[in-house]
Structure formats: C-alpha cells, structure tokens
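Protein sequence lines, in the order shown, are assigned to chains A, B and C. The first sequence begins at 0 in numbering that gives the first Met the number 0 and counts up one residue at a time. The second sequence begins at 0 in numbering that gives the first Met the number 0 and counts up one residue at a time. The third sequence begins at 0 in numbering that gives the first Met the number 0 and counts up one residue at a time.
Pairs of lysine-lysine, BS3-like flavour, derived with a Cα cap of 27 Å:
id	chain 1	residue 1	chain 2	residue 2
1	C	Lys-367	C	Lys-248
2	C	Lys-114	B	Lys-147
3	C	Lys-163	C	Lys-199
4	C	Lys-199	C	Lys-166
5	C	Lys-119	B	Lys-34
6	C	Lys-339	C	Lys-119
7	B	Lys-182	B	Lys-313
8	C	Lys-114	B	Lys-34
9	A	Lys-188	B	Lys-305
10	B	Lys-147	C	Lys-389
11	C	Lys-367	C	Lys-166
12	B	Lys-147	C	Lys-119
13	A	Lys-163	A	Lys-188
Because the hints were derived from the structure by calculation, they are not lab data. Predicted, not measured: the structure shown is a model, and the values here were computed from it.
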Amino acid sequence: MSTELFFVQLINGIQYGLLLFLIASGLTLVFGVMGILNLAHGSMYMVGAYLVWYFVAVTGSFTASALLSAAIALGLGILIERLLIQRLYNRNHLDQVLLTIGMIFVFNSLQSILWGNDPYGVAVPEALSGSVPFTDNSSYPVYRIFAALICIAIAVALYFVVSKTRLGMLIRAGESNREMVEALGVNIKSLYTIVFAIGVMLAAVSGIIAAPMRSIVPGMGESVLITCFVVVVIGGMGSIKGAFVGALMVGIISTFATVLMPTLSNMIIYIFMILVLLVKPQGLFAK
Amino acid sequence: MIFEKRTERIFLAIFFVVALCIPLFLEDNSFFVGKATTVLILAVFVMSLDFLVGRVGLVTLGHALFYGLGGYLFVILTPEYEAVNFWTYAIYIMAISALIALIVGVVVLRTSGIYFIMITLAISQMAYYFFFDSLEFGGNDGLFIFMKPETSIFGLSFLNLDNPSHFYYLALLAVLVTLLAIKIILRSRFGRIVEASRLNPERTEALGYNIFAFRLISYVIGSTLAAYAGLLFALQYGYVNPQFMTWEMSGTALVMSILGGLGTIYGAILGTLTYEGLQYVFEHMSEDWMLLMGGAIILMVLLLRKGLAGYLEKLLEK
Amino acid sequence: MNPIKTLASTALATTLAAGLSTSALAAAGDPVKIGVMLPFSGIYAQLGEAGRDGLRLALKQRVDQLHGAEIEFVELDTEAKPSRAPELASSLLNQHKADFVIGPVHSGVAMGMIKMLRGKDTIMIIPNAGSAAATGPLCSPNVFRTSFSSWQPSYPMGKVALDKGYKKVYAISWNYGMGRESLDAFAESFEAGGGEIVEKVLLPFPSTNFQSHVSDIADEQPDAVFTFFAGGGAIKFAKDYDAMGLRGKIPLLGSGFLTEGTLEAQGPAAEGIMTGLHYAEQLDIPENHEFREAFNTEYGHYPDIYAVQGYDAGQAIADTIDQLEGDISDKQAVISTMEKLTIDSPRGAFTFSRAHNPIQNIYLREVKDGVNVVQTVAAQALEDPARGCKI
Numbered sequence: 000m001s002t003e004l005f006f007v008q009l010i011n012g013i014q015y016g017l018l019l020f021l022i023a024s025g026l027t028l029v030f031g032v033m034g035i036l037n038l039a040h041g042s043m044y045m046v047g048a049y050l051v052w053y054f055v056a057v058t059g060s061f062t063a064s065a066l067l068s069a070a071i072a073l074g075l076g077i078l079i080e081r082l083l084i085q086r087l088y089n090r091n092h093l094d095q096v097l098l099t100i101g102m103i104f105v106f107n108s109l110q111s112i113l114w115g116n117d118p119y120g121v122a123v124p125e126a127l128s129g130s131v132p133f134t135d136n137s138s139y140p141v142y143r144i145f146a147a148l149i150c151i152a153i154a155v156a157l158y159f160v161v162s163k164t165r166l167g168m169l170i171r172a173g174e175s176n177r178e179m180v181e182a183l184g185v186n187i188k189s190l191y192t193i194v195f196a197i198g199v200m201l202a203a204v205s206g207i208i209a210a211p212m213r214s215i216v217p218g219m220g221e222s223v224l225i226t227c228f229v230v231v232v233i234g235g236m237g238s239i240k241g242a243f244v245g246a247l248m249v250g251i252i253s254t255f256a257t258v259l260m261p262t263l264s265n266m267i268i269y270i271f272m273i274l275v276l277l278v279k280p281q282g283l284f285a286k
Numbered sequence: 000m001i002f003e004k005r006t007e008r009i010f011l012a013i014f015f016v017v018a019l020c021i022p023l024f025l026e027d028n029s030f031f032v033g034k035a036t037t038v039l040i041l042a043v044f045v046m047s048l049d050f051l052v053g054r055v056g057l058v059t060l061g062h063a064l065f066y067g068l069g070g071y072l073f074v075i076l077t078p079e080y081e082a083v084n085f086w087t088y089a090i091y092i093m094a095i096s097a098l099i100a101l102i103v104g105v106v107v108l109r110t111s112g113i114y115f116i117m118i119t120l121a122i123s124q125m126a127y128y129f130f131f132d133s134l135e136f137g138g139n140d141g142l143f144i145f146m147k148p149e150t151s152i153f154g155l156s157f158l159n160l161d162n163p164s165h166f167y168y169l170a171l172l173a174v175l176v177t178l179l180a181i182k183i184i185l186r187s188r189f190g191r192i193v194e195a196s197r198l199n200p201e202r203t204e205a206l207g208y209n210i211f212a213f214r215l216i217s218y219v220i221g222s223t224l225a226a227y228a229g230l231l232f233a234l235q236y237g238y239v240n241p242q243f244m245t246w247e248m249s250g251t252a253l254v255m256s257i258l259g260g261l262g263t264i265y266g267a268i269l270g271t272l273t274y275e276g277l278q279y280v281f282e283h284m285s286e287d288w289m290l291l292m293g294g295a296i297i298l299m300v301l302l303l304r305k306g307l308a309g310y311l312e313k314l315l316e317k
Numbered sequence: 000m001n002p003i004k005t006l007a008s009t010a011l012a013t014t015l016a017a018g019l020s021t022s023a024l025a026a027a028g029d030p031v032k033i034g035v036m037l038p039f040s041g042i043y044a045q046l047g048e049a050g051r052d053g054l055r056l057a058l059k060q061r062v063d064q065l066h067g068a069e070i071e072f073v074e075l076d077t078e079a080k081p082s083r084a085p086e087l088a089s090s091l092l093n094q095h096k097a098d099f100v101i102g103p104v105h106s107g108v109a110m111g112m113i114k115m116l117r118g119k120d121t122i123m124i125i126p127n128a129g130s131a132a133a134t135g136p137l138c139s140p141n142v143f144r145t146s147f148s149s150w151q152p153s154y155p156m157g158k159v160a161l162d163k164g165y166k167k168v169y170a171i172s173w174n175y176g177m178g179r180e181s182l183d184a185f186a187e188s189f190e191a192g193g194g195e196i197v198e199k200v201l202l203p204f205p206s207t208n209f210q211s212h213v214s215d216i217a218d219e220q221p222d223a224v225f226t227f228f229a230g231g232g233a234i235k236f237a238k239d240y241d242a243m244g245l246r247g248k249i250p251l252l253g254s255g256f257l258t259e260g261t262l263e264a265q266g267p268a269a270e271g272i273m274t275g276l277h278y279a280e281q282l283d284i285p286e287n288h289e290f291r292e293a294f295n296t297e298y299g300h301y302p303d304i305y306a307v308q309g310y311d312a313g314q315a316i317a318d319t320i321d322q323l324e325g326d327i328s329d330k331q332a333v334i335s336t337m338e339k340l341t342i343d344s345p346r347g348a349f350t351f352s353r354a355h356n357p358i359q360n361i362y363l364r365e366v367k368d369g370v371n372v373v374q375t376v377a378a379q380a381l382e383d384p385a386r387g388c389k390i
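All chains, full assembly: derive it from the sequences and hints.
See the structure below:
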C-alpha cells in the first residue's frame, strides 16, 4: 500500500469512526447513568434517518428537516422513558432488555407501515454537495468532511456538558450515587428522563447525519447496533471518552481490514474486542 | 421431590400428558406434528439457556453458537450418503461441543456482566461468519443432511427418524431428560454452590470454593445441552444454515426464557410455547405481525413481574 | 375491510380447518391453492411485496382462462430467515396442501424450501432467488424458476466489457452465493476473451462500508469496475463511487440489480452505470407497456423487476391451468405442461430450460436521466449452463 493510499484509508477510517462514536455516545451515556442496556438504540438511529428522508421529501430543506427530526426524536425519547422505561427501574435489568427488544419489533413494524419497504436515499444538501481534490485520481466529498466536523463538535459539546455543567455534575453523581443526587434536592426521575431523551436524540442525529451518505433501508438499525456495542465495550461501558477512543479504533481497524483482508474483516472487530477484554476485562476506560 | 412448587408440578403434569397425546390425534405427516417438534426442540435450547442465565448468572447472548454447532458438527462428521447411528454421533457431537465450550468458557468467563454478554456475542458472531464465508460448509446457503441417522441401541430399534411422530417423541424425550438433568444438578451440592456463587460470590469464594471452576462446568453443561437441541433441529428437516447461530437466535431464546420466568426452568417451556404460539397466531392474522408481537412483549414485561411462571405461581401458590 | 386483513382471516380460518381435515390434494373442482413464501418484513420486504403483487395481478387478469378454478392464496412471511424456511414450507405442503408454492427471495431460504419440497407433488416456483444450485445440482422436476440464475445477468457483461475495449477490470461484490457466482460468471466470459481481473474483492455481507474500497479502486486505476450489489448496498456503492469522484472517470458495470428499484435513491450518482439484466422498465414491447399500465392501475405505482418475476410465476400457473382445462390433479401432467410453456413476459417471451430456469434475453442498459435505457440485447435467448443438474 502506497503512503498516499495509506493516508486516504486512514482518513476514511477516522471518518467512519467518528460516525460510530456519534451513534455509540447515546448508548453509553444512557447505560452509564441509568444502567439500562437499550437494544432499541439502533431503531432510534433508523428513526432519525427515515424522519429526515421524509421531511426532506416534504419540505426540500435538509437543515429544517434535520432540526425538526432531532426535535421529534427528543420528544419520542421523553415519551418512551415516561411511558415505559420508568416503570421498570426497580426491576431486573433483563426485564429492561426484554422491553427494548419489544420496542425493536414495534419500531421496525411502524417503519414498514408508515414509510414502506423501498430503499431510500437523501440527496446531499446543495451547499455541501461539492468535493475537494484529494489525490491525483480521486476527490473527497465536502459533505463527508462536514459530517466528520459535526461529529467532533458533538463530542466536544458532550465532553463540555458532562465535565463542566450542573447537568453534567448531576450525571456524574447519578452514576455513582443515586441517593446523593436526591439529597441535593434533584428529582432523579427528571434527570433520568432528560438523559434518556438525549440518548435517543443522539442516535437519531447520527441517523440524520448519515442519511445522505448511506442508504435508508429496513433493518438499518440492527446493522449498526452490534458494531455500536463493540465500540462501547472496548471503550468501557458508560465512558464517553472510551466510546470516542473505541469508535476511532474500530473505524480505523475495520477500514484497513476490509482492504487488506476483506474475507476476514467481518471477524476483525470481534477479535479486537476479545483481545481488549482479555487484557482489560472492563474495557479501556472503565471506571 | 425435585419439583418443589405446586405450580411447577401442575404445569408439567398437564404439559407432558398433552404432549404425549398430541401425535395420537394428528396425521403423521401433518404440519402440526412437525411444528410441535420444532417447539419442543426449541424448549430444550431455551431451558439450557435459562439454566445459565437464571440460575448460574451467566447472561449469554451467544448461546446459539452451540445450537448451530450441533447441526454443523453432524454434517462435518458424518459421511454424506450413509445412515450413521444417532446415539453414537449424538455422544460424539456433545463431547466435541463440550470441549469447545470448555475452551470458549475459559476465555469468556474472565469477564462478567455486560462484558460477558458482549464477549459471548462476539464469539458466536465469529462462528457465524466463519460458516457464512466458508465455501466448503455451504456458505450462506447452508448444507443439507441427506440421510437421517438410524437409532438402534444394541441392535434394537424403536425409533425411525423419517417418521415425524417418532421424531416428535425423540424431541419430547429430550425435553424430559433436559428438565430432569437440570433439576437434579440444581438440587445437588454442585448446584447449590453454583447458585450461592450467583447470589453472593464473595462469600462463596471466602468459603474456599473456586467460583470460576463451578461456572465453567455449568457453562459446559448448558452449552452441551444446547448442542444436542441444535443437532435435533438440524436433523428434523435435514438442513443447517449459519443463520441458526446468529445473535438474533440467541436473543429470541433469551426473550422466551425471560417471558417464561427467568430461572424457573419449567418457565422456559412455558415461554417457548407462548412465544411460538403468539407468533403463529399473529402471523396468520396480519402482515404487520411484528407490531402485535412487539406490543405483546412490551405488555407482558410491564404486567408480569416474574414472567409467566411468576404469574401462575401467584395464582396457584398459597 | 382491507384486502390483507380479509386474506389473513381466510388464511386463519383455513389454517384451523386444515389442521383438522385430512383432505388429499386438490381434485378438480377444489380451489387451486397457491402458497406464497416471501419476505414481508425486514430488509427484503419490498422484493417480497412486489413479487406478491405481480403474482396476484397475473391471476386476476387471467381469471377467464382458469376454467372456473378458484384461486386461494396463503401467504407466509419468511422474514428472509433460513431457519424457518423448512417449517413454513411444511406448513404450505402438509397443512394447506398447496398446489403451487411461490418463493422465495433469499437463496438461503430457497435451500430450506427445496429441502422440504423437492420431489413432492407441490410445484415450487422461485420468483427471485438466483442461486445456481436451485437449477443446478439441486434441480428437481417440480421446481421452476421465473427469475434468473445468478450466472445469467453477469455472463454477457464480460463480452460487453471486452467490446468496449476494457482490458483490466476490478471486480467487487459481497462474499455470499449471489456475489461470488456473479463475479465468476463475469470472469468466465471476460477472461476467455483475453481480459484480466486485476483485483477480485469479496466483502463481508451485508457490510456497506465501501468507501475504503472505492479509494482502493481510485488508486488501482483499472479500465472499468464490475460489481454485484443490490438494494441498500447498491445505493450506498453508487453514492460512494460518485462521492469519491470516480463516476465519469472509471466506468462502472454491474449485474442489473445495481440499478433496480434504487435509481431514485441513487439520484445523479447512478448516471452512466451500465448493467446487464433480463428486463428493463423502458423495454419497448407491447407486453411490457400493457403490464406496466395494468400494474399501475391496480396498485398506484409502476412495477419493478421483482413484480415482473412474480407476474410471470402467476402467468405460468394460469397458462398451465388453462391448458389442462382446469384439472390440475395429475401433477405429472402439470409439470410436463409447464415445462413446455412459452411465457409472454413483459421482459419478452421466454421458455424453460431442461433445469426449469428461464431461457431469456439479457439486455445491456445504461442509466440516463434516472432511467435504465436499453442499449442492445447483450445475449439472445441465454440459457443457464445448469451445471450439476441431472434431469
């Protein structure tokens, strides 16, 4: 592999990794704070992509559609937490897993009823549709650079919120000590609702950002779910920083693996994860 | 009496009486005998999972690895056009599966909790891709088993596996043996230590027991039972496919086990019957059966604290 | 009440009834039972629905030719899961006593169905799954296919590539039956004519992370690229190819599924892609125009290739019933009648080969303004070699 191609692939890997981080961030946040393993997280990614596709078709504006879809996802998150998740706080964790599996069935079915089963695509917004010259024979699309920047911006924002704000302080406290948060006079219920809704919104936002680059098809949620779990487990469940590092590692490794040994590349991320867990049974950045 | 609860005794009595009679009222070739056989085989698989998840405390999302392996090992080990002895090969396959489970167990049991879930999932996905990508094992199209094995023991043959009713009774026997085996293990000293290490690992360790070894042996037992179920499933229709190993398969079994009432063992049978029954009815009701299925799962989680078995016990126990 | 619900309740009723009855296969006068085993949920759902709609339209249009035979449908969702295939096939065979079973889309499911149905009295018609084995080593007198073998759309493309002057081709697909078989078929004719496959890449299915390979192609600079991808993967591949600046520089060729049912989603990224397939929506023959309008009138949208294949399965059934004057009780007669049919398909008339796969034209199409425009007939009346078939 030439040096030039090496760098091209590295950039491909980083770009894929950043998107993985965005999808995984909500999953790890919700698990870290609430201890809930949300198997329906991938469905939220799917919902985001379908919503933005639908609104772009109706309104024609990507920005407006993206904002509208994100807002709907936030509302959906609040609704799900209030109606369903909240009832299971005192129950076995596996009951929560079962609930989220039920939700996967429901969301997949609603997708088919509301939007049909044709594969869809969203056009890249006009302003970002160009590409910059890259190597002699290829160019790099502006939208993909933009998407990577958005992912970085959200990563920074998440880091800032968690480490510098009052909400972040409560989140950090909530992870370690539920009673303490309540002693501070904070309603833990509202905190959980907010965190869960943000988690759902993050998944949907990644679906929105991915929509112009990917195809919007039934089952798209499940296809990212497992990769997301791998990312989060490598990084350490509940750690945002871990998810970031894990996502970049998985992105880069799987990009190089698909080029260098395509037939093995399915297994590579699992092998990597197993190796990480053998050395660090709680992931890289476990608390 | 190894069945402590009244509910358990009542349910199992009704279940086995009904199950024994089912083929008497149906034609041999009827779809329902085949369907019931599949459900029984699945129940064996789910019971083995329920033992691991509910009693040993090992939440695995890679159990289908062994379910698929049971069938693949049969195809790999046996000659294509010659009927082999079922029992001999069942023992071979279970022994090899146990060995594989031992090796896998040594690796996966280094982790716990959510990490255990993920590492088991990872290993089963790797096996899935191995068979999916391999031409010699049929790739994504899977492989056919052309000859059903014969079942004679010391020259005496009771069962003809080409006869669906006979196969049905073989599956029912598997349910009974698995149920008894798990129950006996749980009541033994070994079982009590295993349960103690789930409820209070530190104390059990302090008492001088090597928790790792107990868990490893349990993992091997559960996995071997799953491989037997998988062997039966592959033989029933003479077909293996890598999809039998997917995490969705493991996940569905987990759903059945939780619905039935985690750790109750007989609840695994109840959960399997309910899930399969609901799916059958919903599928024939509407093209959007997934919506009904998802709704039913959500409702049951919300309403039933300890699964279906827990609900029955509330009704029947004083 | 909507038609699906009506169907579902009759299906449920028959389910219950059939469970108790011991009736033998349909004799003359009984309704003709058509079991449908297609995916109605999951990633292949659109293909399943299109096939089903085509099938139903054909039988509705030909109602006068059925000699009074009533048609009854039983539809089962395969979810494209091979593990359930034998069980569902058994349901159609043993429980519903179906005379015909139509399905599936997915070739793993096809294997499970064939295992159950091979050599039985029920006629199986495959309206999509292209796996070579179905009309190869596993061919059977009662198994027909109205779609294609994976070999058919790709084999002529090797010659097309040579005619265009391409010497070095980069071949890429998914590492599964259809992908491997498509690339092999292309290589068979391409290499025979002196072409060279500079790189053959089989990606894990169903991964759609193509970007790194598109970069690899840019680096390699082949004369052209040949692919098999379908559905969501086809959309993603065309988009990545375009986004990385290769469209217009390195010609993209493929098995026709690269641009089937995906053009709208691919948008301008699909322009210029050349593919081979046994159909094209704009095919200018009367059968196609009539079919397209009839389909649109019935369902409110225009049909795709999957609907055509389902439609032809329906036509094969209707023609057979017609020629046997409504009596399909003799299955040998049904098979020998069906074998000799010439189906007036929207793709152009076709007949069945010895292995029961269509002998059909493969068209070379090029995407222009969002439409697959037919350039030439890439292969006339192409017959799958049916390697390994012993009937």
